[in-house]
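Participant: Listed here are the chains, written in short residue letters.
Number of protein chains: 2
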Amino acid sequence: MIKRIAFLGPKGTFSEEAALRYKPNSDFQPFPTIFTVGLSVANGDVEEGVVPIENSLGGSVPETLDLLIQEERLSICRELILPIRHFIMVKPTTKAYDVQVVYSHPQALSQCQNYLKRNFPKAGQIASLSTAAAVNDMLKSKVSAAAIGGRRVAEIQGAEILYGDIQDNLTNVTRFAILARHDHAPTGMDKTSLCFSFSEDKPGVLYNVLGEFVRRKINLTKIESRPTKESLGKYIFLVDCEGHRQDLLVKEILDNLQRQTSLLRILGSYPSWKDASS
Amino acid sequence: MIKRIAFLGPKGTFSEEAALRYKPNSDFQPFPTIFTVGLSVANGDVEEGVVPIENSLGGSVPETLDLLIQEERLSICRELILPIRHFIMVKPTTKAYDVQVVYSHPQALSQCQNYLKRNFPKAGQIASLSTAAAVNDMLKSKVSAAAIGGRRVAEIQGAEILYGDIQDNLTNVTRFAILARHDHAPTGMDKTSLCFSFSEDKPGVLYNVLGEFVRRKINLTKIESRPTKESLGKYIFLVDCEGHRQDLLVKEILDNLQRQTSLLRILGSYPSWKDASS
Chain W
1 MIKRIAFLGP
11 KGTFSEEAAL
21 RYKPNSDFQP
31 FPTIFTVGLS
41 VANGDVEEGV
51 VPIENSLGGS
61 VPETLDLLIQ
71 EERLSICREL
81 ILPIRHFIMV
91 KPTTKAYDVQ
101 VVYSHPQALS
111 QCQNYLKRNF
121 PKAGQIASLS
131 TAAAVNDMLK
141 SKVSAAAIGG
151 RRVAEIQGAE
161 ILYGDIQDNL
171 TNVTRFAILA
181 RHDHAPTGMD
191 KTSLCFSFSE
201 DKPGVLYNVL
211 GEFVRRKINL
221 TKIESRPTKE
231 SLGKYIFLVD
241 CEGHRQDLLV
251 KEILDNLQRQ
261 TSLLRILGSY
271 PSWKDASS
Chain Z
1 MIKRIAFLGP
11 KGTFSEEAAL
21 RYKPNSDFQP
31 FPTIFTVGLS
41 VANGDVEEGV
51 VPIENSLGGS
61 VPETLDLLIQ
71 EERLSICREL
81 ILPIRHFIMV
91 KPTTKAYDVQ
101 VVYSHPQALS
111 QCQNYLKRNF
121 PKAGQIASLS
131 TAAAVNDMLK
141 SKVSAAAIGG
151 RRVAEIQGAE
161 ILYGDIQDNL
171 TNVTRFAILA
181 RHDHAPTGMD
191 KTSLCFSFSE
201 DKPGVLYNVL
211 GEFVRRKINL
221 TKIESRPTKE
231 SLGKYIFLVD
241 CEGHRQDLLV
251 KEILDNLQRQ
261 TSLLRILGSY
271 PSWKDASS
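In order, the protein sequences belong to chains W and Z.
When we follow the working numbering, the leftmost residue of the first sequence carries the number 1, and every step to the right adds one.
When we follow the working numbering, the leftmost residue of the second sequence carries the number 1, and every step to the right adds one.
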């Protein structure tokens, strides 16, 4: 049976590219926001959803972290790491030296700052909701405009590529999370994502939690904080560690964390990308 | 002498409101991005700059964190916490039930999601570079549009307010950093911001650093990570702690951190807002 997979649309985004790499022969459905991708998975309208979770230059995608914190029906069942190659594109009739504004998603703009400063120092930068939306905004712009996005969106929308690989850092990669209503069975080379918070604001609470990992030599591959949205200065911590939640040592840590935290949610155990790539 | 103070513009932003509260009788200069505010301070074109650093709902402002990490000539010399009240506004001729798109800064859109879902479920949401730019985008829109921003921007641009206080959470506050080329002298009620990273990726390094604070009972008011931009999985940690960098215990911690980290930068010591408010 063909799987229905939601992705952060519109067509041509890097999320679609990730979805195509993940399971090429699926029924792909674009959704306008990360939140609606998550909702469609949580409600069972689709089997899985593909959303960006972290970029090597821009950092975490806060909408995805907040979705995972809030929506208890969702788990991460896979991760997928994709190189991000940015292209600057224009209408076929536009000349590079005429460009007055550059459209893109804020993360893409931030990933091409050095290039833009060097080559388009006077052009205004305008945020769009996605790289695909940026190309659309550019095509509709009344002043001479350029847009930054992937090669695929240029092809889909008929834009003309001026230059390729304009990202400041050639190690620009994005980690995507595949969301489902269950996580992945152990494979022996897994990661586990979790989040937790504390009711008390004492100096030692986070330190003690990290100690549980350190004592068992379980490496943390990421630690991040998000606001609880209750008041400034209250945080939910998000941690990725090596191992599966069913592994003995990870299970021990999770049991101990249950007692030390006021909120603990396992966001999923899934194969580590380096080892899962075929 | 009147101080020259840069803020994240254009006129009407919450950063301008923060700047006005901070030093009302100054020469205020709007800059288009957080980066250019920082550069104008670093270069000495202005004495101080006002940028948002953290919101109680949206979390950290990554551009500000990255600016502080990268620009060694900048320090935080003050913090200022401002309640954020969002208003939805339209052209005086637009009716609420006609609204097809809502413009705002992505953080403001995310702070009003519940309101928008309830009241404008079918309206598209379009990201703008600031709340002030959003009002401008709304006024120029050819389809019936609304914008979300502060009261001040509605007044400045002549928009009509439909409803006020539409933020999902009434404890919506933003912390602003006042940037200068030096930090603040000790006042007895201070905070210190610092960032550090490690060359080795061992489980215990962050744990050991936190231990330096815990052993001296120095409370961490914030811990956050940003990518080093070298490769995925390498992070710079940003920490706010109680006390001034010249205080004995904080000084001890910083001396010890120098040996345990591969990069250590003091982003500034400054009066804690709660105690500095008059």
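Keep in mind that the hints were calculated from the coordinates and are not lab data.
Heads up, some of the hints might be wrong.
For identical chains, the list gives no copy identity; a pair is met inside one copy or between any two copies.
[Unchecked claim] BS3-like cross-link-like pairs, simulated, lysine-lysine; straight-line CA separation at most 25 Å: (1) Lys222 to Lys251; (2) Lys117 to Lys3; (3) Lys202 to Lys274; (4) Lys117 to Lys23; (5) Lys140 to Lys234; (6) Lys122 to Lys11; (7) Lys274 to Lys234; (8) Lys117 to Lys229; (9) Lys91 to Lys217.
Participant: Any hints from earlier that this structure breaks? Give me their numbers in increasing order, please.
Facilitator: 2, 4, 5, 9
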